[in-house]
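2 protein chains.
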Amino acid sequence: MAQHFRLGIDLGGTLVKLARVDSQGHARGLLKIKTERDPVLLAKSLAQALKAWPRVSWRGTGVAVAGDVDPKQGVVRFAPNLGWRQLPLGKIFRQAGLPQPLFFDNDATAAAWGAYHAEFHDHINHLVVLTLGTGVGGGLVVEGRLVHGATGSAGEIGHMGVDPRGPRCSCGRRGCLEVYLGGSAMVRWAKRAWARAGKVPPGDITPRVLEDLALQGDPVAKKTWARAADALGSALANLVNIFNPEVILLTGGVAGGAPLFLPRALQVMRENAFETPGRAVKVKVSRHRSDLGVMGAALLVP
Amino acid sequence: MAQHFRLGIDLGGTLVKLARVDSQGHARGLLKIKTERDPVLLAKSLAQALKAWPRVSWRGTGVAVAGDVDPKQGVVRFAPNLGWRQLPLGKIFRQAGLPQPLFFDNDATAAAWGAYHAEFHDHINHLVVLTLGTGVGGGLVVEGRLVHGATGSAGEIGHMGVDPRGPRCSCGRRGCLEVYLGGSAMVRWAKRAWARAGKVPPGDITPRVLEDLALQGDPVAKKTWARAADALGSALANLVNIFNPEVILLTGGVAGGAPLFLPRALQVMRENAFETPGRAVKVKVSRHRSDLGVMGAALLVP
Chain A
1 MAQHFRLGID LGGTLVKLAR VDSQGHARGL LKIKTERDPV LLAKSLAQAL
51 KAWPRVSWRG TGVAVAGDVD PKQGVVRFAP NLGWRQLPLG KIFRQAGLPQ
101 PLFFDNDATA AAWGAYHAEF HDHINHLVVL TLGTGVGGGL VVEGRLVHGA
151 TGSAGEIGHM GVDPRGPRCS CGRRGCLEVY LGGSAMVRWA KRAWARAGKV
201 PPGDITPRVL EDLALQGDPV AKKTWARAAD ALGSALANLV NIFNPEVILL
251 TGGVAGGAPL FLPRALQVMR ENAFETPGRA VKVKVSRHRS DLGVMGAALL
301 VP
Chain B
1 MAQHFRLGID LGGTLVKLAR VDSQGHARGL LKIKTERDPV LLAKSLAQAL
51 KAWPRVSWRG TGVAVAGDVD PKQGVVRFAP NLGWRQLPLG KIFRQAGLPQ
101 PLFFDNDATA AAWGAYHAEF HDHINHLVVL TLGTGVGGGL VVEGRLVHGA
151 TGSAGEIGHM GVDPRGPRCS CGRRGCLEVY LGGSAMVRWA KRAWARAGKV
201 PPGDITPRVL EDLALQGDPV AKKTWARAAD ALGSALANLV NIFNPEVILL
251 TGGVAGGAPL FLPRALQVMR ENAFETPGRA VKVKVSRHRS DLGVMGAALL
301 VP
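Heads up: the sequence lines are chains A and B, in that order.
For the first sequence, the working numbering begins at 1 and goes up steadily by one.
For the second sequence, the working numbering begins at 1 and goes up steadily by one.
By construction, these hints were calculated from the structure, which means they are not laboratory data.
Hints are supplied without guarantee of correctness; some may be wrong.
One copy or two, either will do: identical chains are not told apart, so a pair holds if it fits within one copy or between any two.
[What the hints assert, rightly or not] Here are the simulated SDA-like pairs of lysine to any residue, each with C-alpha atoms no more than 20 Å apart in a straight line:
{"id": "1", "residue 1": "LYS282", "residue 2": "VAL200"}
{"id": "2", "residue 1": "LYS72", "residue 2": "ASN125"}
{"id": "3", "residue 1": "LYS199", "residue 2": "HIS288"}
{"id": "4", "residue 1": "LYS91", "residue 2": "GLN73"}
{"id": "5", "residue 1": "LYS284", "residue 2": "ASN125"}
{"id": "6", "residue 1": "LYS17", "residue 2": "TRP53"}
{"id": "7", "residue 1": "LYS284", "residue 2": "VAL268"}
{"id": "8", "residue 1": "LYS32", "residue 2": "TRP194"}
{"id": "9", "residue 1": "LYS34", "residue 2": "ALA258"}
{"id": "10", "residue 1": "LYS34", "residue 2": "PRO101"}
{"id": "11", "residue 1": "LYS223", "residue 2": "ALA258"}
{"id": "12", "residue 1": "LYS199", "residue 2": "ILE33"}
{"id": "13", "residue 1": "LYS51", "residue 2": "ASP122"}
{"id": "14", "residue 1": "LYS282", "residue 2": "ASP70"}
{"id": "15", "residue 1": "LYS91", "residue 2": "ARG59"}
{"id": "16", "residue 1": "LYS72", "residue 2": "GLU246"}
{"id": "17", "residue 1": "LYS72", "residue 2": "HIS123"}
Computed from a prediction, not measured in an experiment: that's the story for all the values here.
Working from the sequences, and respecting the hints, build out all of it.
So this is what it looks like as structure tokens:
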């Protein structure tokens, strides 16, 4: 009997991941190709890549995009890392013959859906996922449902205000969670702090390097993680008071720095959240840090 | 043919409201009785009050409580206005013969459910309700479902942090929305500001009096509403970025001051929220300011 697979596509700024997911929700193949920014070339390269899985019968395709997506229309409203605005990606992918029907969502929202199935096997009803990378993405599962919101824009937890007098965020607001915990913003802040202190940081700075430097006792690197911890703790308290989730899951590359920020963030969370939901929540670091987006994308297909 | 009614009970600190709601979700009778703080006496007074509706066949009872409620167990964990802690209200109400099955929830959560049905007739999927009274309560409807959370504690939007350096809230945290927009906190802040300015405010101060004084140009009263507006605007931006709701509804007595705070709050919201969800949301003041809780309580009965 023919297996019916779901196709997941996670469109990142440099790489596209494709996953073939079986009817039990397990990955049965993963591919990576270079991202073409021309959407027609991209669609062709995807159709070409799919030939790696011949004679597969598809139930449909789920697409996760790093940006603001209209899931109903299959339109990418704005994807800064891909250079797209108001792009009818659904139409382009249909014309290229990608398996239909097609479903679209934001990548962090898709990652939350992937985590819900892959890490918790649907055993919980209330999950918040924070994707800690260059920026801070978010996704919500509430009462067992993935939350899209009125225009598919829900889950922008990285742009929750933490301090109205804080540094300006790329979104224009002051003191978003992302200006403290986003990889780019952390590196920017640390470089400025070193410059003010008349020190030159060693080589290329990444969040990973900030981890090493903090472990070696560098005061600027330590302060960078402490600021991130305080901001995260405050944001976690908000999430606990508003959603009362069973689990808050941290994923993405910067989540690797959890030993440097999570203990303090949890302390701040407990000091600021209500007692009952504060005791009930588990804050965890994901075991699957890289494939939740593409898995969740595939699972957008019903 | 016998009609099957739902019974709604809204337990406030001074008054209890009872509503008889028909199968179409319309109120077919409303009663108010004095709140007995002894839960056994309260249950008896409710059973007595129900005799006003003889020969009614009941589908069940929904109970809204001003406090932290465990909906699954029917236990009131903490209700400061009623002086209750860890009270097995479900058991007491069952023993008093109130119509079963019994459903419990927080009053602001019930109000959100009441608003969803009464004001929007289920025509929207994503609703946030802020109940502006002595404190600031909240309730969420997401993807068409009332959000209870893992322990029934979801929706405490009044205890979202707005400013980490703000005044201390009754919950222990600094700078919650409630310290700027809650009726009690507004009155407290205004009295202190008048005292600092060496002025004695006229008579009893309530949020209603603060409205009148602001309209008459009193600088402290005007500042009280301006602070509330800024805090609300910031909280609205968070709600928009996280939930992407279709409607945010303001209800409760302090919502009457909306002309004094809403225009500025909306401006702050638009400056700080993402563009797509910020344009999509409608922020409204409820037409039914007092009965949403008891209606929502009745509608907790499936």
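The hints, checked one at a time:
1. LYS282 <-> VAL200: For LYS282 and VAL200, neither the intra-copy (39 Å) nor the inter-copy (50 Å) Cα distance is at most 20 Å.
2. LYS72 <-> ASN125: Answer is between: at 14 Å across copies they meet the 20 Å cutoff, but 24 Å inside does not.
3. LYS199 <-> HIS288: Close neither inside one copy (37 Å) nor across copies (62 Å); limit 20 Å.
4. LYS91 <-> GLN73: Intra 9 Å, inter 50 Å, cutoff 20 Å: intra-copy only.
5. LYS284 <-> ASN125: So LYS284 and ASN125 pass the 20 Å test inside one copy only (16 Å; across, 30 Å).
6. LYS17 <-> TRP53: within (14 Å within a copy, 64 Å between copies)
7. LYS284 <-> VAL268: within (16 Å within a copy, 34 Å between copies)
8. LYS32 <-> TRP194: Answer is neither; intra-copy 37 Å and inter-copy 66 Å both fail.
9. LYS34 <-> ALA258: neither (30 Å within a copy, 53 Å between copies)
10. LYS34 <-> PRO101: Answer is neither; intra-copy 24 Å and inter-copy 58 Å both fail.
11. LYS223 <-> ALA258: Close inside one copy (14 Å), not across copies (42 Å); limit 20 Å.
12. LYS199 <-> ILE33: neither (40 Å within a copy, 71 Å between copies)
13. LYS51 <-> ASP122: Classified as neither; 32 Å inside a copy, 46 Å across copies.
14. LYS282 <-> ASP70: This pair counts as between: shortest inter-copy Cα distance 19 Å, intra-copy 31 Å.
15. LYS91 <-> ARG59: within (18 Å within a copy, 49 Å between copies)
16. LYS72 <-> GLU246: Between copies, since 15 Å is at most 20 Å while 29 Å is not.
17. LYS72 <-> HIS123: Result: close only across copies, 17 Å inter versus 28 Å intra.
When held up to the earlier numbered hints, the structure conflicts with 1, 3, 8, 9, 10, 12 and 13 and fits the remainder.
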